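Given the structure of chain D, go ahead and fit chain S with the ligands onto it with the hints provided.
Protein sequence lines correspond, in order, to chains D and S. When we follow my numbering, the leftmost residue of the first sequence carries the number 1, and every step to the right adds one. When we follow my numbering, the leftmost residue of the second sequence carries the number 1, and every step to the right adds one.
What the hints contain is simulated information worked out from the structure, not anything from laboratory work. Fair warning: this is a prediction, and the values are worked out from it, not measured in the lab. Among the clues, some could well be false.
Said to hold, decoys possible - Straight-line C-alpha distance at most 30 Å; calculated DSS-like pairs for lysine-lysine:
id, chain 1, residue 1, chain 2, residue 2
1, D, Lys15, S, Lys176
2, S, Lys98, S, Lys176
3, S, Lys98, D, Lys15
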Amino acid sequence: MALNVSDLSFSWPGKPPLFRGLSFALAPGERLSILAGNGMGKTTLARGLAGFLTTEGGLYWQGEALNSMSRADHARLVQIVGQRPHLQLSGRGYSLREEVAFGPENLGLPVAEIRARTAEALHFLNLTHLAERDCRRLSGGETQRAALAGALAMRPRLLILDEPMTDLDAESRDALAGHLRSLPWEMAVIFLDIGWQSWMAGLVDRHLLLDQGEMHGPLTTEALFATPLPERIFLAGQPA
Amino acid sequence: MTREDTVIAEDLSFGYPGQARLFERLSLRFAPGTVVAVLGPNGRGKSSLLRLFAGLEQPLAGRISVAGVDPAGPEARDLARVAGMVAQSSDRHFLRTKVQDEVALTARNLYLPDPAALAAQALERLGITGLAAQHPLDLDAGEKRLVALASAIAHGPRLLLLDEIQRGLDRINRQKVIRLIRAEAAQGTTILAVTHDRDFAEAIAGAELVFGDDGIRLT
Ligand SMILES: Nc1ncnc2c1ncn2[C@@H]1O[C@H](COP(=O)(O)OP(=O)(O)OP(=O)(O)O)[C@@H](O)[C@H]1O
Ligand SMILES: [Mg+2]
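Chain D with its partners taken away, still in its complex shape (with noise of 0.2 Å):
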């Protein structure tokens, strides 16, 4: 396994626990859904998977505790995109290709290799023909996209995303599900939604249930459908 959770708690200073006794594993290149209604603790837990919080019980990757890591290892192993992309532009750069090279050159690597990976990311999330617009300039959807193809530009191992295709058109949502299928890097995803979207046709099939703290599943989205549950999960297609 990858990516190994063991009894992860969290709860914020005097509240209750947003998520306790967590344990599940991903399988390298494995993509999981993780399911919850709005207030059930998605985003902090995927800050928390990501080992972006102080939380109780074990999170490895291949053997290795993620808080164990050095930044910079940490960095190219796990990226993860919110909900609120705007506030994830670094800023530093005037344009969008520009924004995106802004990870791969903290990572110090060839100015050859940058240059693939931020026109590789740029393709991916179909903005080769706004990259060299200024990212303060970008429809809803296209910072969402200018976000992932930071995320991505990385090539990290392990992706998480929060709610990643809230708003892009169905064609960039094709077009980004596809790429993720056939990366040239093995790369595990997490996604965390609301509830089951029709995106996620083909690409996930593993999907967890995350309801008043505690953790249901996996089930497969054949099971997904054919269970009840909990009444904030939605299932795209369906009856509103």
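Below, chain S with the ligands without anything else, positioned relative to chain D:
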């Protein structure tokens, strides 16, 4: 038509400096109580159109009337009275430390009678009365969105502009929003809702404004 249309756009052109025009000579009319889903790919100008109706951008050519008010006119207060908006990044826009004050803000700025009662009513309509005393930034993403929506409707606007309002809302919160949109429309509010979510568009809208490859069309 005996009643005046709430939204009138005539020969509207718009684009950002140094970029191709997003639309040219666009004309639209929406009657009171119409719910329009605004659909189309990223970067086509959906949010820009809402921003024009909200007076946040100026048209390059053409005219807009929102319940008789020109959004590009000199008095922001006139437009604030008739329009309400929840922007695509609404959780950036909170100004007060308590939900009840946040929701009452527009009514207060417009000197409407009893802003606190209007705020309480808006919270009640969304079933979030229990959040009244909380700090808006302490809320979860779904609650924040409902508060932003309550803030946009409390003063009783004639036009409601919603940009990806359903985004990230779980089943229960989504239902609340759908019910509220239907109730607002039944009271005569005109609603433009930009969305990438087909199911949501179908649940709320009687008409679709599609920003397509071959131009903008209303169906
Ligand atoms: N302030 C700005 N200055 C310059 N260009 C801008 C500005 N805001 C948006 N744009 C550009 O104008 C175009 C239309 O943007 P707009 O935000 O209206 O698109 P949209 O249809 O709402 O897209 P999305 O579905 O991604 O939200 C895009 O190409 C965008 O990059
Ligand atoms: Mg937009």
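These are the hints, each one checked on the structure:
At roughly 26 Å between alpha-carbon atoms, D/Lys15 and S/Lys176 fall within 30 Å of each other, so this suggested pair holds. With a CA separation close to 21 Å, the supplied pair S/Lys98 and S/Lys176 stays within the 30 Å bound. Proposed proximity of S/Lys98 and D/Lys15 is supported: the alpha carbons are some 20 Å apart, at most 30 Å.
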